[in-house]
Structure formats: C-alpha cells, structure tokens
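S.K.: Residues per chain are reported as follows:
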Amino acid sequence: MTIRFRLNGAELQFDGATDMPLLWYLRDYAGLTGTKFGCGIAACGACTVHVDGGALRSCVLPMQALAGKDIRTIEDLGANGLHAVQRAWIQEDVPQCGYCQSGQIMAAADLLTRIPQPTDSDIATITNICRCGTYPRIRKAIHRAAAILKEESTA
Amino acid sequence: MNELSRRSFLKVSATALGGLLLDVNFGGRAAAFADRGQGPWVFVRIDPGQPIVIGARTAEIGQGVKTSLPMLIAEELDVAWEQVRVEQLPYGLIAADNELGLDGKYGAQGAGGSTSIPDSFIELRQVGAKLRRVLMDAAAERWQIPRENLLTDRGRVLHPDGRTLPYADLAARAMELPLAKEDVPLKASSEFRVIGKATRVADCEEIVTGKTAFGIDARLDNALVALIARCPYFEGDIESLDDSAALAVPGVRKVIRIPAPDPVKGLINHLAAGVAVVADDTWAAKKGRDALKIAWSPGPWSKDSSAALEQKALQALDNTGDSARRDGDFAAARSSASRVLEADYHMPFLAHCTMEPQNALLDLREDRALLIASMQSPGGASRMINSMTGIDRLKIDIRMPRSGGGFGRRLENDFVAEAVHVAKALKAPVRLIWTREDDMQNDWYRPSGVHRLSATLDAQNALTGWSHRAAASDRRFRLPERADSPSWLGCLDPDAFPAGCVDNFAAEFIPLEFGLPRGWWRGPLPSFTAFAIQSFIDEVAVASAQDPLAFRLKLLGQSREMPYSEHGGPTIHTGRLANVLTRAATEIGYGEKPLPQGHGIGLAMHFVFGGYAAHAMQVSVENGRPVVHRCVCALDVGQVVNPLGVEAQIMGATIDGLSTALNLQITVKDGRVEQDNFSNYPLLRMAEAPDVEVHILRTDFAPSGAGEMGIPTVAPALANAIYAATGKRIRRLPIADQLKA
Numbered sequence: 001m002t003i004r005f006r007l008n009g010a011e012l013q014f015d016g017a018t019d020m021p022l023l024w025y026l027r028d029y030a031g032l033t034g035t036k037f038g039c040g041i042a043a044c045g046a047c048t049v050h051v052d053g054g055a056l057r058s059c060v061l062p063m064q065a066l067a068g069k070d071i072r073t074i075e076d077l078g079a080n081g082l083h084a085v086q087r088a089w090i091q092e093d094v095p096q097c098g099y100c101q102s103g104q105i106m107a108a109a110d111l112l113t114r115i116p117q118p119t120d121s122d123i124a125t126i127t128n129i130c131r132c133g134t135y136p137r138i139r140k141a142i143h144r145a146a147a148i149l150k151e152e153s154t155a
Numbered sequence: 156m157n158e159l160s161r162r163s164f165l166k167v168s169a170t171a172l173g174g175l176l177l178d179v180n181f182g183g184r185a186a187a188f189a190d191r192g193q194g195p196w197v198f199v200r201i202d203p204g205q206p207i208v209i210g211a212r213t214a215e216i217g218q219g220v221k222t223s224l225p226m227l228i229a230e231e232l233d234v235a236w237e238q239v240r241v242e243q244l245p246y247g248l249i250a251a252d253n254e255l256g257l258d259g260k261y262g263a264q265g266a267g268g269s270t271s272i273p274d275s276f277i278e279l280r281q282v283g284a285k286l287r288r289v290l291m292d293a294a295a296e297r298w299q300i301p302r303e304n305l306l307t308d309r310g311r312v313l314h315p316d317g318r319t320l321p322y323a324d325l326a327a328r329a330m331e332l333p334l335a336k337e338d339v340p341l342k343a344s345s346e347f348r349v350i351g352k353a354t355r356v357a358d359c360e361e362i363v364t365g366k367t368a369f370g371i372d373a374r375l376d377n378a379l380v381a382l383i384a385r386c387p388y389f390e391g392d393i394e395s396l397d398d399s400a401a402l403a404v405p406g407v408r409k410v411i412r413i414p415a416p417d418p419v420k421g422l423i424n425h426l427a428a429g430v431a432v433v434a435d436d437t438w439a440a441k442k443g444r445d446a447l448k449i450a451w452s453p454g455p456w457s458k459d460s461s462a463a464l465e466q467k468a469l470q471a472l473d474n475t476g477d478s479a480r481r482d483g484d485f486a487a488a489r490s491s492a493s494r495v496l497e498a499d500y501h502m503p504f505l506a507h508c509t510m511e512p513q514n515a516l517l518d519l520r521e522d523r524a525l526l527i528a529s530m531q532s533p534g535g536a537s538r539m540i541n542s543m544t545g546i547d548r549l550k551i552d553i554r555m556p557r558s559g560g561g562f563g564r565r566l567e568n569d570f571v572a573e574a575v576h577v578a579k580a581l582k583a584p585v586r587l588i589w590t591r592e593d594d595m596q597n598d599w600y601r602p603s604g605v606h607r608l609s610a611t612l613d614a615q616n617a618l619t620g621w622s623h624r625a626a627a628s629d630r631r632f633r634l635p636e637r638a639d640s641p642s643w644l645g646c647l648d649p650d651a652f653p654a655g656c657v658d659n660f661a662a663e664f665i666p667l668e669f670g671l672p673r674g675w676w677r678g679p680l681p682s683f684t685a686f687a688i689q690s691f692i693d694e695v696a697v698a699s700a701q702d703p704l705a706f707r708l709k710l711l712g713q714s715r716e717m718p719y720s721e722h723g724g725p726t727i728h729t730g731r732l733a734n735v736l737t738r739a740a741t742e743i744g745y746g747e748k749p750l751p752q753g754h755g756i757g758l759a760m761h762f763v764f765g766g767y768a769a770h771a772m773q774v775s776v777e778n779g780r781p782v783v784h785r786c787v788c789a790l791d792v793g794q795v796v797n798p799l800g801v802e803a804q805i806m807g808a809t810i811d812g813l814s815t816a817l818n819l820q821i822t823v824k825d826g827r828v829e830q831d832n833f834s835n836y837p838l839l840r841m842a843e844a845p846d847v848e849v850h851i852l853r854t855d856f857a858p859s860g861a862g863e864m865g866i867p868t869v870a871p872a873l874a875n876a877i878y879a880a881t882g883k884r885i886r887r888l889p890i891a892d893q894l895k896a
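Quick mapping for you: the protein sequence lines, in order, are chains H and E. Position 90, counted from 1, in the first sequence is what the working numbering calls 90; the numbers after and before it change by one each time, with no gaps. Quick note: to get the working numbering, add 155 to the position in the second sequence (first position is 1).
Not one of these hints is a red herring.
Below, computed lysine-lysine pairings styled on BS3-like, alpha-carbon distance capped at 27 Å: (1) E:K366 with H:K140; (2) H:K140 with E:K352; (3) E:K366 with H:K69.
Since the hints were made in silico from the structure, they are not lab data.
Just chain E, same shape as in the assembly:
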C-alpha cells in the first residue's frame, strides 16, 4: 500500500469501523482555556447549554487525579458533579518576570510521591471558591444587590427573592470582573457535597469503549514509526552495524544511530546507545529492527551480575557506612545486652512494567515542537527538549494523555530524548514505540540490596537498641547531578518506626557501584524498607515471646508526633500508626478465635509519604505457594477526597505488593538484564488475586495522597503470616519457590 492510499484508507476505515481518528495539531481544543493567561479561569470553562468543563492539570497514570483534582474545584465552585465534564489540560508555561522567565500556567502538573492531593487540596479549592465569588459578583451587579445577600447552589446564583441565574448566563461578564487577589473563605468540611463522596472515574465510559487515547494511541498524519535496538550491556556501545537487510524490509525508511549517553555527563538524556529503525508502520519497524546486524561492545560491566552485587553487599555490611541517624549509643547497648538478634533481608531489582510500554510522538520543527506522550514529568520533558534542541520552552507544546500506568517509570523522560534524537535525524514527525522487551530491559529499576537489622534486648525482654544498616546500589551512580546529596537519601528511612521509640538507634547506608540504572519505583523508599523493618520487629517479638501486635503498640507508646525528615514529613504521628494497625488487626479478628489448621495471621504497619497504612493477612501455604485467605488494609490518609478512588488505589497497591513479593525480580548476568517479558517476569493474575478489604479511617488531618500508601506493608504482612502459619521466615524477596519442599 503506498503512502497516499494508506492515508485515505485510514480516514475511510476509521469512521466506517467506529474508530477514532486522532488528529492532533498545534493549537487545538485545549486552546479554549489558553487565552486566559494564569489564574482560576484557566481551569474552568462555562458555556451556555454545555456541561461545566473543569480542567485536570496533573498527569493521570491510574492514580485517579483526573477525577479527584477536578472534584476539589467543583466543590468550592458549588456545582454538582453531574454537571461537570472533565478535560485533561496540556502542560502549561507562560512568560514571567522571574529568573527563569517562565511560570507554570496551571501549577504543579507532574505525578510523583503521592503529592497531587496534598499539594492541591487548598490551591484548587481556592480556584473554585474565587470563581464562585466572581460569578456572584456578576449576579450582584445584574440584580443590583450586595453579593453578601446571595447564595449559590448547583451551578446557580440564588437571589433572596427566589430568582436564580445559572452560572452560564453570568460567566461572560464574570470573566471581565476582577478576581479576589487574596485567599477567600473555603467551605467547612461539614458542608462538603463533592469532596468525600464516592465518585467514579471521570472518563470511565471512554475507557471501557476503547475511545480513550493513551500516549501510544496518539497519531499525526505524517508521523513514521520508530523502534530502537538498544545496547543490552550497561555502558556498552555499537561496535559495528550492518543495516542493509533492515533497509530492504518493505516499509522501512531509515536507520538512525543513537549515540551512547555521555559517560561524563551521565544519564541525563537516555539510557543506552542504539539503532533506530524508522518505518511506515510498527510491524515493518519491528521486522527491520530484527534484521539489523549489530555487534555490541559490552562495556565495563560485562562480567558483573546481581548475584555478585549481593555478595558485595554482604561484605560491605561488615564495614561502617554513611550515618543517617544516631540516637544514644547502639554499640554500647549491644555490648551490655542480654540478647542480640540479627537478620539480613534481601531485596531484588524490580522493573516498573507499566502496562503501556514507553512511547513518544514528537513533531520537531525549527522553532517549535509538539510532544504527546504518556509521562509523569511533563516539565522534565519540556526541559529535555529545550536542552537538546534550543527551542524556546514556550514554543514546546506538550500534551499529557492518560498514561497506561506510571509507578515512577515515567518520572524519567529517556524515551523523549530518544524521540528527539530520531526526529532530528529524520526531519519528520516520529512515533517512537517501545516493545515489552525494550521496556523490561531498559528501565530505572528499584534498587537491589541487603538490609541488616539488629536489635538488643535487656533481661526483661525490653528493646534497648535497634540498628538498620543497608548496602545497595548507589542512586547517584551515573547521575552526577545527585553527587552532592547524602548517599542514603531515598535508600534508608532513618526516621521510620521504631526510630524515636527506642533509646539507642543507628541507621547507616553503604552505597555500591553497579551498572544498572536505578530509579523511583512506587513508594520508592518505604516499599522496600518496610519489608525489613516490619519483618524484623515480628522476629524480635517472637524471639522474646511477646505478641507481635502488643509489642508494636507498646513500642509506639503514647500518641505523639515525632520529627520525620524524609518525604512525607515533617512529622510522624505514633497514634495514627497505632490506630491503623489496631483497626487492621481487629477487622481480621487477630487473636480472637482459633484459626483453621495451617493458617496464620501476619501484621505490618508503616508511615508512607504522609499517610498511615497497616495490612493484616490470613495465609496458609499449599503445595509450596502462599494462599491469601483474607487480606485487610486499614488506612489513614487524613481527609479523603474520593473514597472510591482511595479504595481502588489500596486494592491495586495490595495486589501490586503481592505480585512483587511472590514472584518478581530482575536479575543481571554478564552485564545484562535476564528477564524480557511477562513469561519470565510473571505479574500476578486473577487466579492468585485475593479480595482486599479496605478500611479507611475518617480523620480530619490534612490529606495525604493514596497512590503509594498501600504497597509497603504488603510484603512484611505476608511474610509474617507465612511465619505464623508455617514457622518459616521469609528474608528474601521474591518468595518464589522458597516454600517448596
């Protein structure tokens, strides 16, 4: 099929078959918001006879912010959710009189660290409240009465005499009136009608009918498809290339070399040297890539392996590390202790494995660019395109479609950098697609390492000392911009429980060089530290013949706030932690009645990025596999915006936690990743997925996010339950075949 007939076929068939031809051009729909500069009106469009359109500013990666953030605006605007239609906003920059010369049009738009709700809870409610006020001003002017005499209800302004005016009749005038400069009063939580109400995913119908365009679904009429063969060895390069067979594949247009990342500058752009094959369609690009004859030079890590890293970690743990926290004198506590307990916990590398592989659609021109991609960090993408092309950031148009998962993978923009490399050489728009193999073998992996925990007990079995020492791959490696930050940041959680609850406490980290790039994986720090901490606290309780629940509660002690320096601080609240643990234990019937033969209950609690979570699981082991009979999660994330969304996040994170604890690991041999697809990285399927009972504690604390809260306590609760059921202690993840006879 030639180019012309392919295009016309596309047009005919798309309409005939019920499909959606995604014709995206510069400008476009989002421009309707755009001419309003900055401020509340950029988020809301009110037109007569139309639903009230509320813009969603943050990248939607499955965490539910496309629903929950517009809910904040709708609440204070005082419209019913049924009157609202949500539209995703593009990434927005405007010129500003500051050092950068730029300001965010919509505020924070990236997705990471469970920050969207806490960062937006007041800010976006102010947006709604200021718009409500100016709509009331327009009505006051029309009716010639003071605003103070007016009320609002479901998108209408109410006159004391019973007359009403819909917002749509007032919006045009309201947009000419001045907005309140200072913050305006917000509703009391008792007045909420949208916030706190179970609300379904805003664009659910589009999703279930296949109409939602994810990044990988974006199209430009004249874009060619690119696949890249990447060097499988860390820091390797192209030794020789024969692309004649690739270029002979029908539909293949061009072969482009992608240079290796600069070893001095590190991984600022992309991950690996490679060869891009550009073709008319994905299949031709794939066949072209398969036909490339490339000899790779294996680079400096070709003899290294994850098994060797583990040995290196074990040796390193005999040495002193970088101190992250020291209370009292752990060494003295150790020498005077009646008993010293010690255990090592092993964590594997993990891949993010977003369901939608990485992709980028890029139209790069001399002085402007259009990028459509599934991403978590559009600001990073904007900076990257600017640094690689010199294009004015105000001329870089970035669209953020719904992403098929994020989990931290899309905080990096290496796929954007690759698209820039290809588009520059191609001088035409490019649609870069990663295969699953590309995705699994070229990730920013969750770090692997060994955590060594030690506890000291006195003659009365009271805990006198706690030491948490870890050796893991260095987060600064190949990332020189991080060289000045402490090695342990994001690797060790020095203020996590039981810090502050025991007199002698030490936390140390030993960074290890390893070629595999490491990144942020859902709940980046707690998702692995909690496994070590909450498993070991169980071991200490059991070894000292104390009940694991009572032991934890006794250590937590009096309800109080303590300083917490890592993400989610500045404080950690022992009472909130005790409450979620107690609730989870109560719901599962912990200690209440005899369990069936071979069953055990395990508990775990953790403070996660400002939220508090606890899991309780009832487990048995059948034919060497753990079977989860009941799984309870209790959660305190403060004020809840969308309980249905929070429940979804906790259910999903629990499944994610089970999937990784049971099955998943990335291993490295001879300087390359061994796993390449779901066949050897077996994500959990329906058959092994339990129901998850979620209990959200309704508290009045400021809200935290919820996307990452449900994951850290899963692995330790499961491991503790396995111990309770079988007497076998899991100290290495994944569990895999460890329980097989």
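Bound conformation, chain H alone:
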C-alpha cells in the first residue's frame, strides 16, 4: 500500500510497514532526527509534530493514518527564519539537556495558534515532560513568544 502525504512542504510517498509510527519513519527514513523518542506511549511528548496544523504525538501515529496529511517537524518550523517560539526559547535560555525541547516547542507553537495570549493555566495544559525541569523558563518563554507574535501582527 502506498501512502502519500506532505512532509515539511515536500510531496512524498511511503511503501513500507503501514503500522510503523511516524516517529520512526521520520528518524530512520526521512533523516529528520529533531523529533525525539521518549516513551513510545504518547505520554511524554518528545515526539510532538504538527499534522494538518495541530500538535500530535508521532510515536503512536501509524503511517497508514497519514494518507493525504500535511506533516511539519521541528526542522521546518524555523526554516524561513526562526519561529517566535524558537526565538523566545533562546532569549529565555530554556534548554538544559535539550532533548525534550523540540517537542516542547512544537506543543507551544500549537498552543499559541489556538490561544494567542495564553494564561499560566492555558500553558499548564501542555503535558510534555521535561526531565531537567525547565518548566519555569518554558512558561516565561511562551509568554514572551506570545508577546513577540502580538507585536509582529500589529506591526
């Protein structure tokens, strides 16, 4: 079975195991290692990508569910200049080990699409795990990214 989809703007097809989670396709075949493996059960969010514009956990997303879908990974988020979330992450010096941050950033970018000016409670709906405990700086960075986006939209 051939599955056709769009990945970071490129039209692609896949003929391999249809039950393969998107995560392993990205990491083992697409050369996109920015999306991370953390748990394999959609609990930690290290593998978060955007599918048709919304955040999903790719470790439990089989390739067969992706026919006709538009997938975007961390590598593409800042392809045309860093995304506001990425800039805010740098300014707030968020990463420690850095491993979960691709997923955190994809989740934050998705949150800001849905809720442009999130409260702390809105931010607390992000359930991605950071083992280093960077949550306080993530919270600051999301508020900062919201401010950047607001300023850019009114500029």
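Add chain E to chain H, keeping to what the hints say.
M.R.: Just chain E now, with coordinates in the frame of chain H:
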C-alpha cells in the same frame, strides 16, 4: 524498500526536508584539533576570518559545561564570548611514557559529582592564559618590542602606539613558538569579563531548531538497529528461545543472544542476559523483539520484593551496624537524657529516567572501533571496549554528543557493553536503542532503605546527642571491585550537619543484600540523607518548642570550618551553611507576617559536594495534594562562572526534587521491577511545576559545581512545610497519596 533504495531515499530526503544527515566517519572534524598532541592548543583553533573555536572537553548532559568550560578559556585568552564558537571535543587519549602507556589528551572528560567546574577552574584558565601569552610573543616578535609592553583586548594584541593585530594573524606563528611551561599569572576576579556574566547555552539555536545530534541521533550509513529483550528477573537467564516468528518479521536480519553477566565477576559489563533483535529500522526491530518467544529462568531473587527489603531494614536497625563516625558517647547521652526522640524515614528506589533512553552506535573492526553514544564516562567506555575486544585504546575513537540527560545513569556503560556483544556477533556496525521500558526496568537505581534518627535533649531542651543509623541495599552487591571499601561510603553522610555541632554523635550503616543493582543518582548521597536529617532536625525543634530556623542557627553556632571526609570536602563551613539558610528564610518572609489559612513554610539546608544550599517553601495541601505557593532556593557555590547556568541548574534540580518527593518510586515484586513507563512513573509536568526563586550568594570561595546542589533540600523543605501547614509529618517518600483523607 530494499537496502539500496532506502539509502538513496535517505540521502534525497534529508536535504529535501531540511534535515541533517549525520555522516560520521573515522577521523572527521575533530581531527583539526588532533595533530597538536597535548597542551593548550588542543582546545583552541584560530583561523583567519573564522570565529575562534574553543573545544568543550566534558560530556554535556544538561549541566551546562559545554558553555561554562569554554567560558574559562575565553576569559583568559581575552576574547569576547561573541567571537567564540564552541565545539564538543571527542574523548582523547595519547601515548605516554607512564605505567598505563596512556594519558588524557584533554584532561578530565567525564561528568559526575559536580566536579567539572572545580576541577577546571584553574586548569582551563591556564590554557587560555598560556595561549594569550604565546600570541603576544608572536606579536612581540613581529613588532620587535618586548611582550611586557603589549596588551590584549577582544582577540587582538595591542601595540603601545595604537596598532593592533588580530589573533588570527598571529596564530600560525604562535603555534611554532614555545608555550610557557609553568603556570602563568591569571586575571584577578575584578578583571573578569566572561566569567560571572550571564551566558546562554552555547548551542541553543541548534537545539531549538532540532539540528543538535544527541547520541540517539548518530548515524552510520550501514549500521543496523538493535533492540534487546532483557531478562526481567535479577540474575535470571534465558531458559529457552524461539526466534522463528521474530526472524519472519520483514526487515529483521539477525537474532543474537547476550550472555548473562558472570556471577563471580559481577556487573562489570552489562546488567542482564538478553536476546538482541537486529533489523533495518527501529520499528522492525521492535516488532521482531515483540515476536520473540522467550522463557526466562527467574534466578535467585524471584521471591523478593521491595516491601520485604523494607521489613528487613526495619529489623536490621535493631542491630549494631558498621560505624561511620562516633563522637562522645551517644548511648550514655541517651541514658541520661530528659527526652529521647526517634523517627524512621523511608526512601524508595528511584530510576534515573534520562529523557533520552540509553543508546550506542558502535562500529567495531578487527583493530579499531568507533563509538558514538550519550555518556558520562567516556573513559569507562574506552576501557570497557578494550577489555571486551583487546583493541588498543588509542584505536578506539569515542565521540561524546550532547546527552539527553545524565543524572548519574550514564556513569555506567552497560549499554556500551551490550553494543559490543551485538557488534561482535553481527560483524557490522550496530545502533543499539533502548525503549523507555528497557530504561526504567534496567537501571542502576538510587538505593532504597530506612534511616532511623534519634536525638537526646537535656532538661533545658539543649540537644545532647544525635544518632543517624541507616539500613539500605548494599552498594557493593554484585560489584566485587567495591568489596574492600567501607559499607557506608556513599550511603551515609557521617560528617553532615549536625555532626560536629553536638557532643555525642553516632553514624552507623547496615548493608542489606538485594538483587536490584544500585548506582549513583543525582546528588547520590545527600539527595536522600538530607531528607532524613533536615526533617528530623525540624521534628526535634518542634518537639522542644523551638523555632526551626533559630534552632538550626544555634546548633551551627560560630562560623567555622570542620573536617568533612566525603565527596566535597575536606571541610564544611558552618557560616556558609547558616548564610544560605538565613537568606532563603528572609527571601520567603519566614516568621514575618501571618500566612494565609492552611499555609505553612518549611526550611532545609545542606552541604552538597562543596556547595551550600537551602530551600524555603510555602505550601498548602488542597484535596490531599501539596500545592507549592512559593519556592525559594539560596545557594553558595563560591565564585560563579555562569549565573544563568547556575540558576537553570537550581530551578531544574528543584523541579526534579519535587517530582521525586511527590510522585516517584520504583518497587519490586517477585524479583522484577513493577514500573515501566511514565504512565506509572509520573514525572512532574508543567501543571504542578512552581516558579523557583533562585538567590545566588556571591562569595569569593573557590567554585564548586552546581548540577547537584539544588536537589537534596527540596524534599525536607517540602515535608517541613507540609507539617507547618497541616501538622502531618511526612516520613516516607514519595508523598503520593499520604495526605489524602
């Protein structure tokens, strides 16, 4: 997809999709540093028109040394941080005329014990200072004036007449000139322009764009993926194996048996017997592993449990243990005391749970090897490959990518040993990956045990005696190389406060045999002893109607240094401990104004590996769960290299401490670990993570590290705050549902 088309697909797609094809070969980029033998030039590369490249020598596991160590070199080299690009150095060995025949090319490269900064603070500044001097020598020669007449500023040498030469124009000649053999003068701290300045993570942009290659992201074109099914029973083995269904999974290439660790030699290599499934990709390896039919023999521990260990510990505490310290006569103090207080504190096993599961990419040849893995102990990995293959250590090329966390897990190299077993049988490069379940069930766990604390008070409520006795799983068990060291090392902190502050003091340890391997978990010793000590000091204060802050300060007494034999010594400074405690209490407004109904403030302080930390927390309990309203940490780590990095470490360690105190435990039943993923080992998430107010005391003491300082005082400060808020004393971790009605 066949092998050829898979490869070509990989190449096409990687560029088309904005990805990074990580093509690592023997030799490679790091070789540019390599032909310089040993000495300062191995750390720095200066090329015209390029940023000044400074090599980071120590494994980066999230503790920030990839930024802070190059800062030390940049400071004395006298370059602006903006002129610098940081590159991770590989593990380096060179031939030497000594007993081993080997010497470290870059010095200490492992990450553990919060030692990178204290070990490097002078050494790496000397690197920068010697290079600055030889660059000045090159300029002096060019200009024909004495070096003493020259100055430097931001990567340039300055002539008294106003002319300047950039380092890049001088580097080629400078590399031919002799370097100073003896130490050269270093800057006074008042002259620092890089050290002490808030500096962001050096490779932050690569991280946030997904370009950073962690160990698990390393690739070799022809490497196959391996997953291992490990025996779930400690010291169990493979009884029977049917791999026919596994081999029928498309993409599965080979099934390889991993032998059980030698029971006589112990856990010198890997943790468990297992069966490796090698495949074209991770998913095929996973499906192949799931299809294995294995009967395990359960081994000698199949009836044991962590609950039974706890009972064993409680019984053992009625007996005498191995003495770690004895001042005065605690028994006499006890018999003459007006009051004796006693409490038991229970600690669970903990898993490290690095966000990036263990992995290793290994290309093993007849006479050489290439290893790329996330690790904390590259020297240990080098020795392990050498001992298992006989390959000359100088021919073992080890790369240390950024690690997705360490926390002590990666001090062990069991995953490297497994990769060697697989690669030997496969005769091809292997990319070993652990799943989360593998990681949680095959760890070197933080030890579980019971700590029994006793205190004696006289008629005036003065503390006359203190006894700290612990029974816990033996750190020497299945590790015969540790057999000759005292049982209590790393298990009991005999010189921790209040040792030296009370006349009659006793510390004893009782080692217990238990099948679960135990290892070093962030702040290995203080992270659990502080919970017992700083909770009990609170209990004693409350029981004797004394203020917990004033009681601690009174005991600390006059500011002085006392001997400290464990890691972080040789001394402990009571004044520095009092200062961090006072600062934390002041910042949170301790005792100043009435708190909201149901709120309480808890304090704790501890000496951690050369640094001093105190936490103060304001807490209430809502629906049986502690809610942290304010969380303050005051810290004295001596001179601070990167305040932004130190703040990050303390924030993170505080969250780590809350996560473990609130929720986390590994339990054992029928000889196997019960937890297997984040669903039953629930790390703290954003919703429960408070902001952490970090106050770094600026002192001129020699620097300690900071990676582990923020964790030990979290659990006791939280527990003391819960007591202050509710009157309920937490003596067992994790808190979990203990406060639920």
